[in-house]
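Asker: Take a look at the letters that make up each chain.
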Amino acid sequence: MTALIVLFLAAVLLLTLTFLRRKSPAAFRKIEAYERLNRAIGLSVESGTRLHISIGRGNLFTARGGSALAGLAMLRRLTERTSLSDQPPIVTSGDASLAILSQDTLQSGYRAARAEDQFRLTSGRLTGLTPFAFAAGTLPIIRDEGVSANVIIGELGAEAGLLTDAAERKNADLIAASDNLTAQSVLYAASQAPLIGEELFAAGAYIGAGASHEASLQTQDILRWLVILAILGGAVLKFLGVGF
Amino acid sequence: MMRVLTAALAIASGIIVLLGYFLRQAFPLFEQLRLLLTDWAVVIAAAAVLVGILNLVSVQMEKLRNRQPGGLYGALLVFALVITFGLGLVFGTDHPFLRAAMDAVIVPVEASLLAILAVTLVYASIRLLRRRADLMSVIFLLAMLLFLIAAMPKPFGPIPLVDQLILDLTGILSTAGARGLLIGVALGTLLTGLRVLFGMDRPYGGN
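Residue numbers (my numbering), protein chains in the order written: chain A, 1 to 244; chain B, 1001 to 1207.
Here chain B stands alone, though its shape is the one from the complex:
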């Protein structure tokens, strides 16, 4: 019974939101309902963040209890989480300590990961031909190299005409390709949404 009810509620909400989007001028009631449902969803999503953080804590504590690898890092994470969460609740998110936690910990750590990522991607590109030596891989690497040559700063300055020609050529091809991919992704998203709307897929545990 509960499963049928959740499915009916989800489908009805989806249809109301869709009608509110498409028929907002003809039926203003649907638009008001759409905004109301969206507001509720935003509040629920905010509460979900807290549930997600509790999940993060329980996973890390389980690691520590079972003496799994990385358990100590998990304890450190939970400790830092409790301290920053507590200070945020008491002093607000504009407190200098919380700003410092952001500027001195999160930003540098993410910047370091970005630097590692740059090296990782160069390594992956070098290994691409060992992994898949086919025509598309060669074209992919060639396009990447040409774009890098044209876009990167050179000690003797930009190469007249050549740089712009490469950028224009790769720009036209990549824009066309990107549009093709995005049309495909949009159609996939549309059909996935319709499956959920018709109750064929129930990601809310309804079946």
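Next comes chain A alone, as it looks inside the complex:
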């Protein structure tokens, strides 16, 4: 019952705030990683280099699917913004369904930017089906394909360390986030501007993906405060000996 109430509340807040945000866009705090990302997009278009976007290996049938969907939403916006570039972005993933969806998202992005002829089926790649196979398949792309910036957002594990190391060796920009705690600690140590926790899901709002992404971020903030209040309230009640 509690889950249903939370779901209903989140849905109502999301719809209401999306309606409000369409009239007046929200202002958010600065997140260095997303500022770097916006800079990297501009630089890659200007210098004719490539953007490498990795959306991880989140299986859509598991709870990890959320980060994969967030990565796809970001990919859609990035495709539109880089559609003018001579070098189309390369998208890598470690899950077959995700690879197909990434190709579809790339095509949609180009179509929206009226540049569908830029789309190549081989731009959306499945690089491996196990964590290390995925990393091993992605490393040559970071190294050999003229990549100036790497955006790695999605479900990853400790293998993220290999990708960050390859990006650093090529002196390429790196914006990385994961919903996995192991990967978050690896990325914290290895990336220039780490994204922690739910900041992964803020990507859409920070790269101008639309009112629904801004509303989603605000709904998350409201729900987070409610969770904090519930935890504090529960602690106080427990301290007072009130059981429920």
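I should point out that these hints are in silico values taken from the structure, not numbers from a laboratory.
Keep in mind that a hint or two might mislead.
[As the list claims (entries may be wrong)] So the derived list for chain A, only partly shown, Cβ under 7 Å to chain B, looks like this: (1) 2; (2) 4; (3) 32; (4) 72; (5) 99; (6) 105; (7) 165; (8) 190; (9) 198; (10) 201; (11) 216; (12) 230; (13) 233; (14) 241; (15) 242.
The beta carbon of each residue, even a glycine, is placed where N, CA and C say it ideally should be.
For this one, chain A is given, so just place chain B on it according to the hints.
Answerer: Showing chain B alone in chain A's frame:
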């Protein structure tokens, strides 16, 4: 028209699965539909693996054709893929050759990558303060060092009380921090799912 239809189908499927999950006792029909749709999705995902492998092959062949760096490795990959796939189809996945391919190739290669990863992470930790010399980085490194000291085997055996104290302290802090992060991730996942359910995000090429 097609885009509207795909969006309507995706949204309807999502709502049915959700209703089947929450109202399984009140409306058993939704539960049956949920299981049916999930079964279909599993079959489609299995077919997607084959499509993904074809994509892998076409990317590697394109590399070879265009004489890109690593093209020969790509050819080797495709050759190994064809051989193992063919043998798997003919003899089944329990055949000794396929077991040997797993035990003698994939496991050692992944273990080697794991070993490289360990060195890479140590190197990244050493460079952390050069990359970002702030308070959080110092705390991160300090916590990591303390945990390593307490958890690693020592030639003179565990340090009485100190090891356990460090493990308890870092354990409490890291558990609290991890829960905070996971609550944030769960809320993000919930909202991302709702955006897809309402058709605001259409990762299936619907807009």
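Asker: For each hint, tell me whether it holds in the structure or not.
Answerer: Checked hints:
1. Given the 7 Å rule on beta carbons, the hint for residue 2 of chain A is violated: about 11 Å separates it from the nearest Cβ of chain B.
2. Here the hint on residue 4 of chain A is kept, as its CB sits about 5 Å from the closest CB of chain B, short of 7 Å.
3. Checking residue 32 of chain A against chain B by beta carbon gives a least distance of about 10 Å; that is not within 7 Å, so the hint is violated.
4. At a threshold of 7 Å, the smallest CB-CB gap from residue 72 of chain A to chain B is about 4 Å, leaving the interface hint in force.
5. For residue 99 of chain A, the interface hint holds, since its Cβ comes within 7 Å of a Cβ in chain B; the closest pair sits about 5 Å apart.
6. Restraint check, residue 105 of chain A versus chain B: the minimum CB separation of about 6 Å is within 7 Å; hint holds.
7. Given hint, residue 165 of chain A at the interface with chain B, holds; its Cβ is 5 Å from that chain's nearest Cβ, closer than 7 Å.
8. Below 7 Å, beta-carbon pairs count as interface contacts, and residue 190 of chain A has one with chain B at about 4 Å; its hint therefore holds.
9. Annotation: interface hint on residue 198 of chain A holds; nearest CB of chain B at approximately 3 Å, less than 7 Å.
10. Given hint, residue 201 of chain A at the interface with chain B, holds; its Cβ is 3 Å from that chain's nearest Cβ, closer than 7 Å.
11. Residue-level restraint check for residue 216 of chain A holds (minimum Cβ-Cβ distance to chain B is 4 Å; threshold 7 Å).
12. Restraint check, residue 230 of chain A versus chain B: the minimum CB separation of about 11 Å is more than 7 Å; hint violated.
13. Look at residue 233 of chain A: its Cβ only gets to about 15 Å from chain B, farther than 7 Å, so that hint breaks.
14. With a least beta-carbon distance of about 23 Å to chain B, the hint placing residue 241 of chain A at the interface is violated under the 7 Å criterion.
15. Of the supplied interface hints, the one on residue 242 of chain A is violated, with its beta-carbon coming no nearer than about 23 Å to a beta-carbon of chain B, more than 7 Å.
Checked against the numbered hints above, the structure violates hints 1, 3, 12, 13, 14 and 15; every other hint is satisfied.
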